[in-house]
Amino acid sequence: MTRLVPHPVLSASLVLLWLMLTRFSLGYLILGTALSLVAGWAYSALHPAKPRVRRWRVIPRLVATLLWDIILSNINVARLLLTEGRGTRRSAFMQVPLKITDENALAVLAIILTATPGTAWLEYVADTGTLVLHIFDATQADHYRDVIGKTYEPMLMEIFE
Amino acid sequence: MSATILTIALGYAQVALALAGCLAGTRLLRGPRAQDRVLALDALYVSIMLLFLVTGMQLGTAFFFEAATVIAIMGFVTSVALAKFLFRGEVIE
Amino acid sequence: MISEHMIIAPILIPFVTGALMLLYDDRQQREAKFWLSIVSTAAQLLIAVELVVRAKTGGDISDAEGISFYLLGDWAAPYGIVLVLDRLAAMMLVLTALLAIPSLVYAHAAWDRQGPHYYSLFQFLLMGLNGAFLTGDVFNLFVFFEILLAASYGLLLHGSGQLRVRAGMHYIAINLAASLLFLIGVSLIYGVTGTLNMAHLANLIAQVSVEDRPLLHAGVAILAVAFLVKAGSWPLSFWLPTAYMAAAAPVGAMFAIMTKVGVYAILRLSMLLFGETGGASTGFGASVLIVLGMATVLFGLLGVLSSQGLGRMAAHSVLISSGTVLGITGFALAGGGPAMLSGALYYLIGSVLAAGALFLLIEPMNREDGGIAAMLALTADAYGLDDTDLDEVPDAGLDIPAMTVLSICFALCVLMLAGLPPLPGFIGKLAMVQALIAQTALPAGLAWAFIVLLIVSGFATLIGMARIGIQTFWASDIALPRVLALEITPVIGLLVILALTSLKAEAMLRYTTGTARALHDTEAYAYGVFATPRVADRSEDPAP
Amino acid sequence: MEIILSAAIGILSASGIWLVLRPRSFQVVIGLCLLSYAVNLFIFSMGRLTPGAPPIMPKGGFIDPTLYADPLPQALVLTAIVISFATTALFLVVMIVSRGLTGTDHVDGKERSQ
Amino acid sequence: MAEHNLFLLLACLPFATSLILLTLPQGARGASSWLSALSMAGGLAVLFAFLPEIQAGNVLRARLEWVPSLGMNMALRMDGFAWLFATLVLSIGLLVVIYARYYMGRNDSLPRFYALLLAFTGAMQGILISGNVLVMVVFWELTSFMSFLLIGFWHQGAAARDGARTALIITALGGLCLLVAMLMLGHAAGSYDLGMILRAGEKIRAHSLYGPMLALFLMGAFTKSAQFPFHFWLPGAMAAPTPVSAFLHSATMVKAGVFLLVRFAPVLGGTEAWFFAVTGAGCVTLVLGAVVALYRHDLKGLLAYSTISHLGLITALAGIGGRVALLAAIFHICNHAVFKASLFMAAGIIDHETGTRDMRRLSGLFRPMPYTATLAIVAAAAMAGVPLLNGFLSKEMFFAEAVDWHNGTWLDDALPYFAIVGSSLSVAYSLRFIATVFFGPQATDLPKPPHEPPAWMRRPVELLVLICLLVGIFPALTLGPIINTAARSVAGADMPYYKIAVWHGVNAPLMMSLAALGVGTLIYALSAKSISDGPEGPFLLHRIRGQRVYDWLLFRLTWRLPRLALRWLSTEALQPQLRLLVLTAIAVACGALWGALSFASDLRLHAPNPGFGLLWLVGAACAIGAAWQAKYHRFAALVLLGGAGVVTCLTFAWFSSPDLALTQLLVEVATTVLLLLGLRWLPKRRSEIAEDKLLPAKVRRARDLVIAVIGGLGIASIAFAMMTRPLISNLGDWFLGNAYYEGGGTNVVNVILVDFRAFDTFGEIAVLAIVGLTVYALLRRFRPAPESVEAPDQQTLADSPSLDDYLYVPSVVMVWMFPVLIMVAGYFFFRGHDLPGGGFAAGVTLAIAFLVQYIGTNVRWVESRITVLPIRWMGIGLLVSVATGMGAWLFGYPFLTAHARYVHIPLVGEVPAATALLFDIGVFATVVGAVVLMLVAIAHQSLRASRRREMDEAAAARKEVA
Amino acid sequence: MSPLQAVPLFIAIPVAIMVVLGSTLTLIGALGFARLTSFYDRLHAPTLATSWGTGGIIIASALMFSVIEGRAVIHEFVIGLCIVVTTPVTLMMLARAALQRDRAERSPVLPEDMQLRPQHPEPPAQG
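In order, the protein sequence lines correspond to chains D, U, Z, B, S and A. Going by my numbering, the residue at position 71 of the first sequence is 71; the numbering climbs one at a time, nothing skipped. So my numbering is basically just the index in the second sequence, starting at one, shifted up by 161. So my numbering is basically just the index in the third sequence, starting at one, shifted up by 254. So my numbering is basically just the index in the fourth sequence, starting at one, shifted up by 798. So my numbering is basically just the index in the fifth sequence, starting at one, shifted up by 912. So my numbering is basically just the index in the sixth sequence, starting at one, shifted up by 1874.
Quick caveat, the hints were computed from the structure, so don't treat them as lab data. Keep in mind that the hints are not guaranteed to be accurate.
Stated by the list, open to error - Using 30 Å as the maximum straight-line C-alpha spacing, the simulated DSS-like pairs for lysine-lysine come out as follows: (1) B:K908 x S:K1605; (2) D:K150 x D:K99; (3) S:K1543 x B:K908; (4) S:K1441 x S:K1360; (5) B:K908 x S:K1441; (6) S:K1543 x S:K1605; (7) B:K908 x S:K1610; (8) S:K1543 x S:K1441; (9) Z:K310 x Z:K758; (10) S:K1610 x S:K1596; (11) S:K1543 x S:K1596.
Predicted model only: the values in this text are computed from it and were never measured.
Make the full structure from the sequences, and use the hints.
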C-alpha cells in the first residue's frame, strides 16, 4: 500500500483538486485517481520530508483564525495605503525567534504570514531559528510577535510535531 | 435588473483591474531596482489573472479559466526564477 | 494500398528513422545508426524514383495529368492539408535523395563523430526538404521550412567551433527574421483570400476584389522576401557564403539544395498564382525576379572571383545557380514559355549535384597537414569534462593516387559549374540561352543581358576555380595525405550521376519540359486537387 | 479596438525591429521575441476581431459560424508560437555559445573596430 | 553502314585510348607509347579508307542522337577539308607520339601524358568532323581544357602554370563567345546542323544579329588562333613540353581557329565587316608576330611568334575569302603544320641535347649535330619561304591574292605591303635561327655537351622535312588534288581545279618573294648584333607586352575589382544584413501597396474598451522600455518583455482565443527562464560604452529608429486595413461548422490542430525535437568565456548565504507544487479536444513542473532523485505520433486520419476515445522531452562550470602541496 | 448579455459586491504599490490583491457559474489555492534577494542590525 500510494493524504487531496477542476463524475474520479497515483509516485521520487500530521482537529481552527486575520489585516492595510498621505505610518524590520523547525510547518507559516497583508517574510536563518520579518505598520510589531508566537506557532506545532 | 447590477459591477471591476495593471506597469517601467520590476511583473500577472476571471464572468463563459489557472500556477515560476537570478546570479545550479 | 500512401513516404521515412535513432545510444550504436540512415535514404531514393515515374505517367488514385494528390487526414481540399506530387516535386525529391546518400557516406568518414545525433538531424533535414517539396498548403510549407531550417541550424552548428558558431548566429538570426516575414505574408494571404491551400489560392486569385488585391500582392511580396532569403538572392544573401563555408563538408553538400528550396517555393507559388490564370495579377513581380536573379548571379560571380578559399567559392557558385533559376523564373512569369524553364530546371539538377560534390571535395583538397584526426582535433573544441567523443578515426586510407582522383573530380566539378561541355551545366545553359534567343515576347535588352551574364558567370567560375585548382594541385608541393575511400567514393558517385545526367540529357530535358509545361498549366493543379475524392466518400461505409 | 490593436502591433514590431538592428546579441534575442509577439498578433488579427466568442462549439446543434471567432488564425498562431519558442531558444543558446567562444556578445563575434 | 561505324570509331578511338592509358601504371612507357601510336595510326587507316569517297567529293555523315530537343546531336560530317585536316592532325600526332617517347624524361608519367595528348587529339578531331555547330563548340571547349592540362603538364614550374592558365582563360572565353555566336547562327539558320548552316549564308548575313554574331564568332576564332590582340597566350604556352608545343602550335589547337575561319568564310564572309576584321587582324598579326619573333632569344619563343605570324597570314587569306584565297589558306595550313612541327621538334632536340634554348648561348651546333642541323635548316628555309620548299608555294599564293584580289578598300590596297613586310621579317628570323644556332663558333658553356639525339627522336623530323621537300618540288603530284578537294568542299563544288605549280613565270608574286628574301637577309645582316645584345623585343615594343597587359587586366578584373566591389556590395556584419532584410520587406510591401492601399468604406470597428486600452498602454510602454533597456539593463529588459508578453496574452484571451492565451503564457514562462539561464553567460555590462555617445553611433541609432518606425507604421496600417475589412467566407467557417460533427470535438482550434491540420502539428513537434537536439549538441561543446566561468558575484560576496539557506522554506512549497503541476498537466491534456488545452500545453506544464524542481533545489539534488531521459521522451513521442498517423493506413485511410468514437464503459458511461488523443500523447511526450532537454542542457552548464572550478582548485591545491 | 440575465437577483447582489470588493482591494494595493517609496513597503501592497482581491473575485465567479450551470462550480478555488501557496514563495525569495542586494551595497534602507545576517557565525566557506 505504501509502495502504491506513498502519500495517501497528498493523493487524496490531488484527487479532490482534480475533481474541483473538472466535474464530479465517476469517469473523472477514475481518471483523477490514476493521475494522482502517478503524481504521488513522482512526488515520492523526490524523497521530500514526509509531513506527519498529528492532529487533524486543529486544522479547521487554524483556517478560521487565518481567514479572520486576513480580513482584518486587509482592511488595516487598505486603510493605511489610502491614508498614507498623512505620513504617520512607519514600517519596520523585526526579528522573531521561532521554535518550530519542521520544514512543512515553516512553509505553512510562511504562507500564513504572506497571506496576511502587513507582514512580509524576509528570511529565516535555519542555524539560529530566527525569522526576519518586515511589517508594514511598525506600531503593530508586538501584535504580530504575539500572533506568531502565541497563535500560529503553537497550532502548527500541534499539527506537525 | 440583476444583469444591470452585474454589468455595472463587472464593468467597474474590469476598469479597476486594468488600472491596477496599469499602476503595476508604471512600477515595472520605473523600477528603480530590479526587485521592484520583478514584483511589479508579479502584480501585473495577478491583475491580469483577475481580469480574465472578471471577463469570463462578463461573458458568462468559463473558457478563460484555464488561462487564469496558468497564471496562478505558473506565474510564480517566472518571478521565482527572476528572484533567484537576482539572488544567486544564476537560475539553476 | 501501399502505392496510395507512397506520396507521403518521403516525409515519413526520414521522420521515423530520425525518431527511432533517438532511442539509440549515440556512441555505441553509431554504426547501426549509419546503416539505418543509409537504408532510409536509399528507400527514399527508390520511392522518389517511383514517384517520378508516377508523375510522368499519371497516378493511379487521382491523376490530373500526372499530378497526384494526397489528402492528409482524409479531409477534402482546401480544408485539410494536401500533398501534391507533380513532376517538379518528384524531381526535387529524387535530387534530394541523390545528394543525401553521398553526403551520408561522406559523413561517416569522420563527421558523424563530431557531435551527438548527427544522423537524426540529417534525417529531419531530409524530412523538411521532402515535405517542403510535397506540400500543397502555404502554412504547411512554413512548417516544413522551419523543420528544414531547424535541422540545418543543427547541422551547421554540428561540431561547434568559433567560425561555425559565428556563421550560425548570422544564419539563424536572418532566417528567424525571414520566418517572421513568412508568417506575415501567409497570414495576409489568408486574411485576403480566406484560404491557405495553394490550389484554392490559384482559383481564387482572379476573383480578388480591386481593393483587396494590393494587400494580397503585399502579402505575396513579403512572402517572397522570405523565400528570397532562403534562395540566397542578392541583397539578402551575404550571410550565405560564410555559413555554407563554415558548415562541415557533408552538411555543406546538403546546403547545396537548401537554396533551391527557396527557389522552388518561388517558382511554384509564382507560377501558380501569377501565371496565366492570375487575372489582374498575372505576371506580378516578374521584372523584380529577373532583376534580382541577375543581381544574384552578378554577386555570385564577383564572389567566385574574389574568393580565396574553395569553400567560399563553392558557396558563391551556389548563389550563381540559384540566381540563374530565379531570373529564369522571372522570365517564365513574364511570358517566356516553358522552354527556358525546362532548361533552368535541368541546370538546377546539375548545379546542385556539382555543388554538392564540390563541397565534399573541399576538405580532402585542403587537408595539407595531417589526416582526418588532426583536422578534427583542430575543429573540435575539445573542452568539457565529459566529452571524450573523438573516438579513433578509421584509417582505411586509399592507396590510389589521391592527387589524380581528386584533381579529376575537381576538374569535372569546375566544368559543370562553369557551364563547360559536356556536362549538364553546359546543356542547361544552352537550353536556357536558346530559349532566350528564340523568345520574342520578352524585352530583348533584358534577355540579352541575362545571356551575357550567364556566359560571363560561367567564365568567372572557370577563372576562379582554375586559380584555386592550380594552387591546390599544381602549386603546392606538399603531398596530399591519403584520402579515405569513404570520402572519395561519394564524390565519384555524384560525378557519375552528373555524367549520366549529361548522357541522358534528352530524356531529362523531356521530363523537365513536361515539368515546365505543367507549371505553366495551372489549371490541372488548381482544379485537380478538388477533384480528388476522400476515402470516406469513395467507400460505401461512411467515415467513422 | 482595432485601432488599439493595430497600434499595439505597430509598437511591438517597431521596438522589435529596432532591437533586431542592434549590435548586442541579447538585444537581438529580445527583439526577436517582441517581433514574434507582434507577428502572432498580426496573424491573429487576420481573422478579424471577435470579442467574446471563442471558437468552442456547444455539443451538437447547428451553429452559425459568423458568430464565432475564426479558429484558423488561432491554430496558425499556436503553431507559430511553438516554433518561435523553439527557435528563440536555439538562438539564445547559439548566443551564449558564441559569447563563450568569441569572448564578446557582439553579434558579429567581434567588436566593431573603429 | 560499315562506313558509319568506322566513322564513329574514328571519333571515339582517341578518347577510348586515353581512358585505357589512364589506367596504365606509371612506368608503362613502352606500352603506352605503342598504344598511342597504334591509336593514331588506326585513325589514319580509317581516314585512308575514306579517301575514295572524299576524292569523289562526297560528304560522309554519321549521327548519334544526344539532345535532339536542343538541336544538339552527335552529328559527324566529313568532307574534303575535314578529311585533310584530320589527316594532318593524326599524322603529326603520330609523329609527336614517337618523338615524345624519347623526349619525355624518366620522371614524367608517360601514360598520363599520352592520355592527355590523345584526349586532346580526340577533341581536336571532334572539332573537325562534327556536323553540328553546338557539338563543335563542345569539342572546342574540350580542346581548351585539354590544352590547359597539357601546357601545365610540368606544373612544378610557375611559368607552366601561368601559361596554362592564360591559355585556358583566353581560349575558354573565346569558346563561350563562339557558343553564343553559334547559337545565334543556328537561330538565324533555323538549324544547328553544319550542312544547313553552310547553305544558309545569305539568310545569316541578312540577319539583324549579324553584327554581334560576327563579333562573337571572331572572338572565338581569334582567341584560339592567337590573333592580335589575343596572341599573347601562345608564347606563354611554350612552357609546355616540346612535343606538346609541336603538336598544339603546328597542326592542332591554333589551327582550330583558322579552320573555323576558313570553314565559315563562305557563310559569314564576303562582307566588308568580315574583310576588315579578319584580314585586318591577320595583317597586323602577321607583321607583329614576325617583328617580335625576330627579337626573341628563346628558341621556342621565336617559333611561337613565328607561328602567330603565319597564322596571321592564314587569317588574312581567310578574310579575303575568295576561292583561291581559301585554297591558299588551306594549303598554308598544311605547309605550316609540317614545317613548324619539324622545327619545334628540332628545337626540342636542341633543348634536350644541350640543356638550353637561349639563342644567345647556342652557337655552332652544326658541328656536333650536323644531321639535325641540316633538317632544321631545311625546315627553317621552308618557313622563310625559300623556293622549292612547301612554304614558298603557299606564300606565293598569298602574294598573288594580295596583288590580284581587290575590293577597293584601303586595306586591300595595303595588303601587298603587309605581305612583303611580313615575309621579309619571316626571312630575317629564319635566318637568325639558322645562323645563330648552327653556325659561328661552337658554344662551350652549354649545360650539356651537344651530340646527335637518338635516331628515333630524329625520324619524325626527317619525315616532315622530306614532306617539305616533296611538296615544295612536286606540289601537283603530292598535295595538289587533295587540297583542291578540300577547297571545293569549302568554297563550293563548282570551283575549278586550281593547279599548284612551282613555276608560274616571272610575275609580281615572284618578284615579291625575291624582294622579301633580299630584304629579310638585309634586315638580319643589319640588326644581328643589336638583336642578340638587346632586350627580348623590338625597340619600345617590348615594354608593352600583351602578356603584361593581360596580367594587369586579369588581376584587376578578376581579383581586385571583384574584391573591391564585394567590399562595397556586401557585408559580413549581421546588422546591415538585417537592416537590408527589413528594408527589402518594407520596400516590396510599399511597392505592392503604394497608392493602392485603401481602407474599407465602412470600417468594421468595435467600440474601444478602456480596460483593454489601459493595459495596452502598459504593454506598449513595456515593449518600448524593453527596447530601451536591452543593452545596459538586460534583466530589466527581460522583465519588461514579460510585461509585454502578458499583455499580448491578455489580448488573445480578450478576442476569444483562450487556447492562445494559455499557450502564450506557458511559453512565456519557459522563454523567460531560458533567457535568464542564458543571461548568466553574458558579459557584465555595468559602465556605458563611451563610443555609444559619439556621433556615428547616434546617427546609426537614429537611422535604425527611422527604419523601425516606418516598419511599425507599415505593419500597423496593414493590420488595420485588414481588420476593418468586411468578413469574408473562409476556411475558418467550414472548420467551425464541421469541427464537432466531423472532428468530434468542440474546441475547434484543438480539432484543427490535432485533426484537420494535424500535419502542421506533426511538423511542429519535429521542429521542437530538432531544436532540442541542436541545443543539446551545441552545449555539449560549450566553453564559457573566461570571466563567466567564475561563480556570479552574488555567490562570492563575503557574507553570501548558502543556497540551502535561501531556499530552505521556498523549496518545500516548490516540491509540493510538483504533483499539483502534474495534475494540472493531466487536466490540460484531457480537456484538449473539447476545451482549451491540449498536448502542447500539457507538455510545457509538465516540463515546467520539472523546471520548478530544478529551480527550487539544485541540479544534483534533482538528478539524484528523478531521472528524466528527455531524448528518450522525444523519440517515443515522435514515434507515437507517427504511429498514430500511420494507424489509419490499416483501415485504408490516408495518414493522420482521425477516428473518434464514444466507447461505453460500464458505470462510467460514454467515454470519448479518439485517435487524436493518441496523437496528442505523442505531442505531449515530445514537448516534455524537448523543453526539458533545452532547459536542463543550459542549466547543466552552471554545474559544469562549478565542477570545473572545483577541479581547478583541486589542481592548484595539489600544486601547492607539491 | 444573456448569461448575466440568468442570474437571480439574490445571487447577483453578493456577486456584484464581491467583485467590486475584490477589484477595489486590488486597485488599492496597486495604488500603494505605485506610490510607496521603499521596496520593503511595496512588498506588502500586492498581498492585498493576492488575498482578498483574488478571494473576492473567485467567490463571485464560483457563485455565479454555479448558478448559471446549475451545479457546484468550484474550480475557481483551485486558483485561490494556488495563489495562496505560490505567492509566499515569490515574495520570500524576492525579499531575500533584495535584502542580500541591499546588504551587499550597505544600503541605508536597512537598519543597522539588519546589515549583516543576525548572529551569523563565520560565513561558511564557499566552493
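Handout entry: Hints that the structure is at odds with (numbers, increasing)
Key = When the structure is compared with the hints, numbers 5, 8 turn out to be violated.
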